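There are 4 protein chains.
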Amino acid sequence: MIKKNVAIVGVTGYTGMELVRILSTHPGFEIAAVTSRSNAGMALQEIYPHLENTSCGLLPVTIPEPDLVARDSELVFLAVPHSKAMELASSFIELGVKVVDLSADFRISDEKVYAHWYGLKHKHTGLLKKAVYGLPEIYAQEIAKASITANPGCYPTSVILALYPALKKGLVKPQGIIVDSKSGASGAGREPRTATLFCEVTDSFKAYNLGKHRHTPEMEQELSKACGQDIVINFSPHLVPMSRGILSTCYALIDKKVSQGEITQMYEKFYRKNPWVRVMPQGRLPETRWVRGTMFCDLGIVLDERTGRLIIVSCIDNLCRGASGQAVANANLMCGFEAGMGLDQQPLMP
Amino acid sequence: MIKKNVAIVGVTGYTGMELVRILSTHPGFEIAAVTSRSNAGMALQEIYPHLENTSCGLLPVTIPEPDLVARDSELVFLAVPHSKAMELASSFIELGVKVVDLSADFRISDEKVYAHWYGLKHKHTGLLKKAVYGLPEIYAQEIAKASITANPGCYPTSVILALYPALKKGLVKPQGIIVDSKSGASGAGREPRTATLFCEVTDSFKAYNLGKHRHTPEMEQELSKACGQDIVINFSPHLVPMSRGILSTCYALIDKKVSQGEITQMYEKFYRKNPWVRVMPQGRLPETRWVRGTMFCDLGIVLDERTGRLIIVSCIDNLCRGASGQAVANANLMCGFEAGMGLDQQPLMP
Amino acid sequence: MIKKNVAIVGVTGYTGMELVRILSTHPGFEIAAVTSRSNAGMALQEIYPHLENTSCGLLPVTIPEPDLVARDSELVFLAVPHSKAMELASSFIELGVKVVDLSADFRISDEKVYAHWYGLKHKHTGLLKKAVYGLPEIYAQEIAKASITANPGCYPTSVILALYPALKKGLVKPQGIIVDSKSGASGAGREPRTATLFCEVTDSFKAYNLGKHRHTPEMEQELSKACGQDIVINFSPHLVPMSRGILSTCYALIDKKVSQGEITQMYEKFYRKNPWVRVMPQGRLPETRWVRGTMFCDLGIVLDERTGRLIIVSCIDNLCRGASGQAVANANLMCGFEAGMGLDQQPLMP
Amino acid sequence: MIKKNVAIVGVTGYTGMELVRILSTHPGFEIAAVTSRSNAGMALQEIYPHLENTSCGLLPVTIPEPDLVARDSELVFLAVPHSKAMELASSFIELGVKVVDLSADFRISDEKVYAHWYGLKHKHTGLLKKAVYGLPEIYAQEIAKASITANPGCYPTSVILALYPALKKGLVKPQGIIVDSKSGASGAGREPRTATLFCEVTDSFKAYNLGKHRHTPEMEQELSKACGQDIVINFSPHLVPMSRGILSTCYALIDKKVSQGEITQMYEKFYRKNPWVRVMPQGRLPETRWVRGTMFCDLGIVLDERTGRLIIVSCIDNLCRGASGQAVANANLMCGFEAGMGLDQQPLMP
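Taken in sequence, the protein lines are chains A, B, C and D. The opening residue of the first sequence carries number 435 in the working numbering; numbering runs sequentially from there. The opening residue of the second sequence carries number 435 in the working numbering; numbering runs sequentially from there. The opening residue of the third sequence carries number 435 in the working numbering; numbering runs sequentially from there. The opening residue of the fourth sequence carries number 435 in the working numbering; numbering runs sequentially from there.
Just to be clear, a hint being listed does not mean it is correct.
It does not matter which identical chain is meant; a pair holds if it fits inside one copy or across any two.
Within a straight-line C-alpha distance of at most 16 Å, the following computed EDC-like cross-link-like pairs (lysine to aspartate or glutamate) qualify [said to hold, decoys possible]:
#	residue 1	residue 2
1	607	689
2	579	499
3	646	738
4	707	772
5	579	480
No lab work stands behind these hints, which were simulated from the structure alone. In this text, all values refer to a predicted model and were calculated from it rather than measured experimentally.
Using the sequences and the hints given, assemble the complete structure.
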């Protein structure tokens, strides 16, 4: 098979690092370029010694110059902060290069909502209209035709997959949904900050950004589509002293008389063509380690009849399924491959 | 000051270990006996090498025989599993020894509720009627007169302190409360099990016992008293890869038009005589490490007007405030001391 | 390619779990059987929920009966405790099945040394003579012809690869070698014990078995061959609060006037056909995370002229390179495959 | 008792934080000032929310201006980087204020050795001559008379206490000593750096600065005094994924025919007036958690007759015993108190 050339713009963060891990053994893609303004001129293994003697160790790190990158690549992964991403995306699209944007810049279709939550006016609203929300279980067909996909946020990936079927099928009320999420520290990025030092994170647990995390509108947008009405969600993120993994505990009020068995069956049916979503059998609840390094989204279902609530516990690996792995799935679809190509990693346990 | 003799029945678990830590520097209590059936005959420092050269290292471990223990002690801490505790408590009370029971046996005043959740008929319902729920911020006066106190569960301590004022003052609706709690692994005890091995817990996160954890009726009992009606709570515990600490995120629907500032003031006023409850200023959320090894209960308050919800984040140290420290506070009150005697530990940071 | 059938005897420990992870994507091997006396009758994914929707999830767990296992498999991995392994190995060899033994039973060629360190008389000394020590960098040719290989211990793998070249080339004195090793907790196995509970291991560090760890004679045997004389080593293992990884710091007295650059070159030359051994450039020291989940052995070299010592720091993943991955490498060679088939995993970072 | 006023110069690092923890319950000292250039003007609890409702929470943070600090304090703790410390120390001594310097500036009595290892000319060599090395077990009498003490480094504290008796008594050879040390991440300080982020430290282990760590000459200086000749040590520090704790494994060649029991007795005798040094009974090895938050130094002794080596394993809490606690012990002695005043903390377990 002739491989297609792709580029990673922004290789020095954790999502860039994870893109390298996944793409390095991908049968359909060849990494043609990796960029980083601060490390340009080095070999990749000088930044990441763990890549020595792997297929990517000697890749030269170059500057993130769209003209240069576009010469060799037909698709580019943008692993840069929001607001920078929209500029780069626009340049690459004009140069005829497909874009998978891992930032938030193209996730929110309503530019006013984007401006409200991100404190920033969107500068490429034309391109925004073309962007497809890159959640393969729901938008595989649209993604396959897209020139730009907005790779979902890590929290929204875990939450949308958990609640979409229940809302779509009218199992639960759209009002009063609460999402209590917990993430490993890699979600906080690789920039040095006191708050993410080892001694500040280990052996502790905290909540942050309650009621104002920027992933909220993304969940609301997609879940509103599921139930056909505008919904509002209580979203509460927390920081877990671990590297990878997100667990979201989602609470919704039951709106139909159903048994737990029926709900489980309904979920299994909904996701029967999507092997990455694993609906746990009754009585089992997922653990983030079961999905470490993989594309799996594990769902544990609890019908609490005492309180009339459906509780869905959802686990993903925030860096793989919640970012770089999902980006590769989108790239696969955009390039005519199977969604799962190169993404059959097993969980690393223990 | 002449110290009062006390005994620890069941010293080999984490709550027994924590009782030793606290009592060893207590100005009013002398540890007269520590018991453990499996380790009787050893010196305490043979089980716990960290106690060498401390005041308690040479204490002999004896068998948990009430007659023997009662000879030297006027108060006993029961750090044994539920069901065993009720038998021992009854014996000690008959022998004229005061009891602080760290198990669940005397927490649920309705024996039917106890039987339902614990799968066990209560054998000492007479004594159950006399037992006082040992939460000093609410029941200090009753505790001072009690011969037996039921030391609150770790999760309920964090939750009741968080929600009591809001329910008491009618700030929130009694219906639809959700409590999403996260605990360190010491809450799972010191018995060897595969599920609590280091490699099974570290770098992972999970939910467990959703909708059926035994601490649920305890929260419901106390919070029902706060609002004057029977309430039902969604309680979801989770396991954090850390040793100590509980963080509970509590969600309730706002029932009064108030500002966040007013809620904070109301909480500060409610707890103004209780220095252990620290109401965070607006914009700050607690972290479990801030209370490590202490009696503090830190409360972060968020009024989410978008969704009409009050969110209270509550942090305690599950072993100190949530178990052994609180037990000592109860013992202090039962013996005529200040609640806080010997309990002014600073958090160990980092 | 027609795959060869292999079996895993003893699938419920961490090395069994790791064998499943590696073999599940191996292009040349098919897992024909997995055994566990205690879990026989279950599907593998009932024991290991993380395997659902993977190629191995539905494998039936069977009893470890050699006759049954031998029907379908031409090679068997023994992931059982020592002393049990020698019996099983003998049975399988008699049934014409090749054996990779992950236990210590066939590592020590001198039965008296085995008896001394393991407190046990070897019962199959005939087979012991046939067994090849399965360290591919040194014994690839012998392994390729063997019917039984003794998979090296985790510590010895890290130590032999670190010191073999220096001793072979006479760079250092054979006397006075000190090896200070540090291992993650997965090396302690998956049996529930108080000492390996999360709360006993996390946020702490300890030494154990100083001067008497059973991996000592294995290192001495192989390194004696390297230098042509019987040597004695100080081996000190320690427990690190992490899951995977071994780092060994090896100290030897310089016996030749060489520069650090020359030593590095000599090591690079020695391992130039062995891509798994990565000799770090001067000034870089390895970290266990760089080899997580892989076959790499990273060597950091420091010539301390002030003290006349050569210090080699060696990192491996104890479960992959130090056990199951190396076992698969041996199986590859024994079956006529390339040593590295199916073993090109990238490190999982972070 | 009338308390003596002391000041902490440099309160925003981990040693400053630990000084606050210890001094806040000290019966003889009152914290009169805490300084931090970057946080001046705030209350201490604004920087450290865990201090709310403790005796120190409302202390104003001021600028580190010697004239101002000297007005209210008779002793000052310098918790600032080396080279800055020597300037401040000189100013405070001139102002008649006693100094406990937690930096390295006054530890090395030979200014040439200081210049060589720290790449810096000492500017206050007169004061250097007056400074006493603040290890109470060895220099208690000199400390009591000193106006300035050089608080020992964390690694040297663990190593000197481990090897001093053996060298003093001629049990081991002064040549060929190897010290392999492992430290928690708090030793790396609180400045934000990529290398000390949670995700870079957790679940990993590494060596660093082999053969060139600046604590080396400090060990050599003190241990040379013990044996009466200049010695050279191989010192190898490593980073453990934990917050607090140092474990040093020290190797020396036996020079006298003695039994393990005799060595243990000799150590017990040497430290019999020093309750902080706990000599473990034969067969027991220390764990860093046993000393967490305390002044203890736990020594495990192994005589390895097979290799002719004495191995001493030494554990301390790097922040308490290895820095701030030891600084308070020195301050105690310099102010005429018992060395242990206010320092009887119990280990926080688990």
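>> For residue 646 and residue 738, with the copy left unspecified, which applies at a CA distance of at most 16 Å: within, between, both, or neither?
In response: between (28 Å within a copy, 9 Å between copies)
> Which holds for residue 607 with residue 689 at a C-alpha limit of 16 Å: within a copy, between copies, both or neither?
Replying inline: within (5 Å within a copy, 20 Å between copies)
>> I want to check one pair: residue 579 and residue 480. Are their C-alpha atoms no more than 16 Å apart within a copy, between two copies, both, or neither?
In response: neither (37 Å within a copy, 39 Å between copies)
> From the Cα coordinates, with 16 Å as the cut-off, is the pair residue 707 and residue 772 best called within, between, both, or neither?
Replying inline: within (13 Å within a copy, 36 Å between copies)
>> Reference check for the pair residue 579 and residue 499, CA-CA at most 16 Å: within, between, both, or neither?
In response: Answer is neither: 26 Å inside a copy and 54 Å across each miss the 16 Å cutoff.
Consistency note: the structure conflicts with the earlier hints numbered 2 and 5.
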